[in-house]
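So the protein sequences, as listed, match chains F and V.
Per the numbering used here, residue 3 is the first one in the first sequence, and the count goes up by one each step.
Per the numbering used here, residue 1486 is the first one in the second sequence, and the count goes up by one each step.
Take the hints with a grain of salt, since some may be wrong.
[To be verified] Per label pair, the in silico range of CB-to-CB distance:
id	chain 1	residue 1	chain 2	residue 2	range
1	F	Trp238	V	Lys1581	39 to 49 Å
2	V	Tyr1493	F	Ile26	14 to 24 Å
3	V	Met1516	F	Thr20	41 to 51 Å
Hints listed in this document are in silico derivations from the structure and should not be mistaken for laboratory results.
Quantities reported herein were computed from a predicted structural model and do not represent experimental measurements.
We put the beta carbon where it would ideally sit given N, CA and C, even for glycine.
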Amino acid sequence: MNFLLQIFWERLFTFSPTIFKDRILEKFQRAHFLINIFYFYIFLFAVQTFSSFTDPLRNWSILIKSEELFSPIWSVQWMEYLDWETTVRSMYILFFIVSLLGLFFWKKSRLVRFLVFLGLFFYISFLASFGKINHYFHLLLITSFIIIFLPQRNKVDTTLEYKISFLKIFWGTQFFILLTYFSSGFFKIAGIISQEMRGELSALSSTAMAQNFGKAAFGSSKEFFFGEYLVNHPHWFFALAMILGYLVEFLSVFIAFLPKLHRLWGFFLILLHTIILMTIGADFTSQIVVVGIFILFSPFDLRENYFSLPKKDLA
Amino acid sequence: MKYRFADYFVPFFIAIYFTIAFSPIFTRRSMEIFPFFSFNLFSQVPNGFERYDLVFDLGEKNERFLIYGNPNLADIERQYLNGLIPKIAKKYESTKIFDNEKITRFFPEDSSVTLVKIKGDFIEIYKNKNYELEPLGKLN
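Go ahead and model the full structure; you've got the sequences and the hints to work with.
This is the structure:
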């Protein structure tokens, strides 16, 4: 078992031998700050649940009137046995309270971090219980789970070991995020191969992106920013853009081991989600925030540029 | 020793998460387990499609679909029906029993209701509203 663990970490140290050695304090400070931002985003996410101007599939007033459409997934089946409106309102309030606690006490208490995860878990489970499990918030949820296991610090414990352990969990979260993209890219590239072997239209076709748009538009009856253009102007450029997108996803897992490419890859992934939003309407803006926090602003790339903290703050 | 936990947690958690996430793909089951990603979504480009729907007053002047092009459907209702109708249709195809308990409230009064399969190409249906309709059974 230890041998397997050694292999896992050795991969990282082979490519980035100094990742947990050089400038630990700076990396730790940045990672610590980013976790603050992460919990601030969860708080903001909880605040947004009360908005009446949000996405109709997240609008509290619509959901609360949709008891007849509620088809609970495994994690919220208990809601069927309680008074609907009281339960939904209580869940919203509790999520807000724990997200507020998380904002201030995440570093002091693992229990608080666990409660934040639980609040998010039930809220997202609830959203997934109206006929379709959307993936828009999965990354936010799983990231909040991994973060529970950041090391606990007592008042006097500010050792190097603690900081390295903190950074290892942070890197583990990055690795998880990038592995999800790799997996998605892997199956898309496998999809091209299998469709080409069957003689079907694949992502190499100039109409592939338009087909994906058509599928999303048919299912949602919505228009997307470049949708009509894609359908009316099939071009090899769109096939190339799709293949590039697949490659960005597929190569993601290797980037985890190359900290100097974290920012660039964070930017690529955010751009990818933006293009997806403009073409097939899949709204992964919440995931963009997670990628922004963990990959775009990665603490393992401390080269001097506009993402760096001013030197005096690190003193 | 106190801080060795991260060394174990990261690889173990990732191994467990991805094993569960990949299991429906490798066992060729179409199930989705929350909160695990379905990594094969949008992994293949559509080559035509078949979708189940209900048609009210099929063949009449006021023929209309329950889901496709229905402007009166709220987003949450559309999402719900997109998930429910295929299940009801598949059950109907195998047993000829129409489990309509959950959807009769969407039926307009005094209209005939027919379960249909819409077939076509996503680009064609978007651009020209061209599709084929295969009635599967009258439900009232």
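Hints and how they fare:
Between F:Trp238 and V:Lys1581 the C-beta distance comes to about 48 Å, which sits within the given range of 39 to 49 Å. In this structure, V:Tyr1493 and F:Ile26 meet the distance hint of 14 to 24 Å, their C-beta atoms being roughly 21 Å apart. Between V:Met1516 and F:Thr20 the C-beta distance comes to about 44 Å, which sits within the given range of 41 to 51 Å.
Every hint from the earlier list agrees with this structure, and none is contradicted.
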